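Chains D and U supply the protein sequences, listed in that same order.
Just so you know, my numbering puts 123 at position 123 of the first sequence, and the rest follows in order with no gaps.
Just so you know, my numbering puts 224 at position 224 of the second sequence, and the rest follows in order with no gaps.
To be clear, the hints were calculated from the coordinates, so they are not data collected in a lab.
Since we're looking at a predicted model, the values are computed, not measured.
Heads up, a few of these hints could be off.
To be clear about the criterion: a stretch of chain D counts as covered by chain U if any three or more of its residues have a C-beta under 8 Å from a C-beta of chain U, and this derived list gives those stretches [as the list claims (entries may be wrong)]:
id : stretch
1  : 157-164
2  : 171-180
Restraint ranges, calculated between C-beta atoms of paired labels, are given here [as the list claims (entries may be wrong)]:
id : chain 1 : residue 1 : chain 2 : residue 2 : range
3  : D       : E142      : U       : K247      : 44 to 50 Å
4  : U       : D169      : D       : E166      : 18 to 24 Å
5  : U       : T48       : D       : Q120      : 44 to 50 Å
6  : U       : D169      : D       : A133      : 53 to 59 Å
7  : U       : E142      : D       : Q120      : 38 to 44 Å
8  : U       : E142      : D       : T207      : 42 to 48 Å
9  : D       : I137      : U       : T48       : 55 to 61 Å
10 : U       : D169      : D       : L33       : 54 to 60 Å
11 : U       : R26       : D       : L33       : 55 to 61 Å
Away from chain D, derived, C-beta distances all over 12 Å, residues of chain U [said to hold, decoys possible]:
id : residue
12 : N212
13 : E297
14 : D329
15 : S384
No residue lacks a Cβ here, since even glycine has one placed at the ideal position from N, Cα and C.
Number of protein chains: 2
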Amino acid sequence: MSDAVATPNLNYPVTDRVRDALAISRRGCEELLPETDWIAKLARSEATGIALRVKLGLDPTAPDIHLGHTVVLGKMRQLQDLGHTVIFLIGDFTSMIGDPSGRNNTRPPLTREQIESNAQTYYRQASLVLDPARTEIRYNSEWSDPLGARGMIELASRYTVARMMERNDFAERFRAGTPISVHEFLYPLMQGYDSVALKSDLELGGTDQKFNLLVGRALQAEYGQEPQCILTMPLLEGLDGIEKMSKSKGNYIGITEPANTMFAKLLSISDTLMWRYYTLLSFRSEAEIAVLKAEVEGGRNPKDAKVMLATEITTRFHDARASEAAARDFELRARGGVPDEIDAVSLAGAPLAIGSVLKQARLAPSSSEALRLVDGGGVRVDGSVVSDRGLRLAAGTYVVQVGKRRFARVTLKP
Amino acid sequence: MSDAVATPNLNYPVTDRVRDALAISRRGCEELLPETDWIAKLARSEATGIALRVKLGLDPTAPDIHLGHTVVLGKMRQLQDLGHTVIFLIGDFTSMIGDPSGRNNTRPPLTREQIESNAQTYYRQASLVLDPARTEIRYNSEWSDPLGARGMIELASRYTVARMMERNDFAERFRAGTPISVHEFLYPLMQGYDSVALKSDLELGGTDQKFNLLVGRALQAEYGQEPQCILTMPLLEGLDGIEKMSKSKGNYIGITEPANTMFAKLLSISDTLMWRYYTLLSFRSEAEIAVLKAEVEGGRNPKDAKVMLATEITTRFHDARASEAAARDFELRARGGVPDEIDAVSLAGAPLAIGSVLKQARLAPSSSEALRLVDGGGVRVDGSVVSDRGLRLAAGTYVVQVGKRRFARVTLKP
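Please model the complete structure; the sequences and the hints are all you need to start from.
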């Protein structure tokens, strides 16, 4: 294992544009290592016009992505906007193996078709953040399978057991006597070999990926390549502002959720979390965000900033029209209000019992079911809860509401 | 990793023949594990007539073998004589990789042709001990290459890092901070996978191989096979009786050395070492050896036993005639004597100067060279060293000797 690491040429000028690119790279990131190498790569790219290669490895097992997953994608997009090439790397090789130890039943091997389908679903969703024109899609089986058994041994000769044991979870499991299978040492090497095969300049990942990203760096040096830099992004907090965003915790926003839901969920976050989301999710520049923050600190209603954020995100994953409609819908509901467009129903025979009104307006399947809804406190007339199941409505027009979402504008005639 | 190990059926009767086979298996061995499994396998083979499969892995890098290497081969031969099948396994797969870490320059990768040639040389030598009719020759690339990168990962999933670290040298190197490359964990797994591929019942090796042999046992259980037993043989002491036999220590007997040399070297060992060699190298039964030992303890000359051993070994690697000639040659030299058949030379002109005699008898290229030999103390007449370069020999017959090996029977006439 060689200690001689080829470092990028430092002789290119560090211009203002390079400094700007560095600031964009750094924004919201947890770690960018080694920063001097990254500056040198940015400067060379600026001087030569040769785009840098930015790698993101993806596990094609979880095709439904939420806002938390888009943090890293957002950073990729910012780097694409600087002119660099993004590699969307599908880890199909190991996914087709699954967990061979058989201890993890939730990770069965995937078929070629499942991987292809998951990858397409993932890419379709990721395309809402990435610029498809500057995205290269690759599958790591392309170079992993041809390695063969011998290539795998050669690869494994490039890294020591001691360095592998420096990975926190390995060290802890070893100390605790929790089994580590030998193949778990091979996965970081395979991931690192992806960087060799792709001649990656930068690899992105969550903070939990730091060790694996550094293996890629070391292996590139072993194979005589200029080593990649690594950039880790923090894990995004969920809507509660405390736990990491996760589907199983229920504190997430899926990027395929309806515009109304997405908008409303974003409006529900705390003011503090809002600024965190601005940093990690918004495409607005840091300067714009600073101005907005100053305004809020100077007395502007923080809700304005929250609406701007929700509008940006909802527009990204739907479109401007859906986002505007979601905003209007949210406002109405916020006032305990009624949506713009609700069914209008005209009924004869006033005064009518409330049960009958609900049934005829199709807000309840039957009069008896309607009375149960009244008993449960779920029925409102013009915004007031109906507590009397004997209520009769006189002629006139009323907004009748069942639960939170079902409305009718009822006109009663004699 | 499953803990459920299929053990051999214990329901076959343990007959006297089985007990004899067990005694033969045990003879001279360091460890035979687990003995109850081996008894069960022997009993089943005895009852069913199905031969057991006995594996020996060989590194095709060192084709010149000495008596130390034949200890394990001798055990194989004893098992063949019991009717079992021996697998002479050439480890060509890893030899074609060499030491990919590049730290060990003495282990360059071998070509297919080198391996083939080394394996043939090795097998030709081993055939002097093994019974070729009951020997299966295999190359492990047959099943190792088809594993591919995925198969290698699957294999590595069957064993834990913690168990690998139980190997003494790994544990010590890890503690001492001496690098262990990850691929060094793969080699024992590949060797173990050989046992799976061969459905081995017993693997033999030196005591230094114990860990690797046990990996094979564990992997067979992982792959749902009845696991092999393991049998380790001690490393043979060299002629000095202290250090292990080794070419680099000069205390070895190569099995292709001339019969005279082999016989003489065997006669040079101590009486204690002789009994060790009987146990580990002789094909005589333990009963025969016990009788011989009792005779020696009762007063018989131990040299008789040593001659019998040297005769057996020399006959094995040469033939009976060469062995007898070597024995005669040894006796003559032991008496400071002269070999049976030496050149007879008749010279006229006695008395003759010693230089002239040596030259004319072709024991020296010139008279001046002959005198240098006299000055060096390397010339004997009838067994006495000639110290006077002015010596003149009168008429008569003399045995003239130069160095240890060159003789002439010279008859001088006036």
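Hint by hint, here is what the structure shows:
Counting residues of the stretch 157-164 of chain D whose beta carbon lies closer than 8 Å to any beta carbon of chain U gives 7, which reaches the threshold of three, so the coverage claim holds. For the stretch 171-180 of chain D, the stated coverage by chain U holds: 4 residues have a C-beta nearer than 8 Å to a C-beta of that chain, and at least 3 were required. At about 47 Å, the CB distance of D:E142 to U:K247 agrees with the hint of 44 to 50 Å. Remark: the range hint 18 to 24 Å for U:D169 to D:E166 is upheld by a beta-carbon distance near 21 Å.
About 57 Å separates the C-beta atoms of U:T48 and D:Q120, a value inconsistent with the hinted range of 44 to 50 Å. A beta carbon spacing of about 55 Å between U:D169 and D:A133 agrees with the range 53 to 59 Å that was offered as a hint. Judged by the Cβ atoms, the range 38 to 44 Å given for U:E142 and D:Q120 holds: they are separated by roughly 40 Å. As the Cβ distance of U:E142 to D:T207 is approximately 46 Å, the hint placing it in 42 to 48 Å holds.
Separation of D:I137 from U:T48 is about 58 Å and conforms to the stated range, judged on CB atoms against 55 to 61 Å. In this structure the supplied range 54 to 60 Å is violated for U:D169 paired with D:L33, their Cβ-Cβ distance being about 35 Å. Judged by the Cβ atoms, the range 55 to 61 Å given for U:R26 and D:L33 holds: they are separated by roughly 60 Å. At roughly 14 Å from the closest C-beta of chain D, the C-beta of U:N212 stays outside 12 Å, upholding its exclusion from the interface.
Even its closest Cβ contact with chain D, about 53 Å, leaves U:E297 beyond 12 Å, as expected for a residue assigned away from the interface. The claim that U:D329 is not at the interface with chain D holds, since no C-beta of that chain comes within 12 Å of its own (minimum 51 Å). For U:S384, the shortest C-beta to C-beta distance to chain D comes to about 65 Å, beyond the 12 Å cut-off, and the non-interface label holds.
Violated hints for the displayed structure, listed by number in ascending order: 5, 10.
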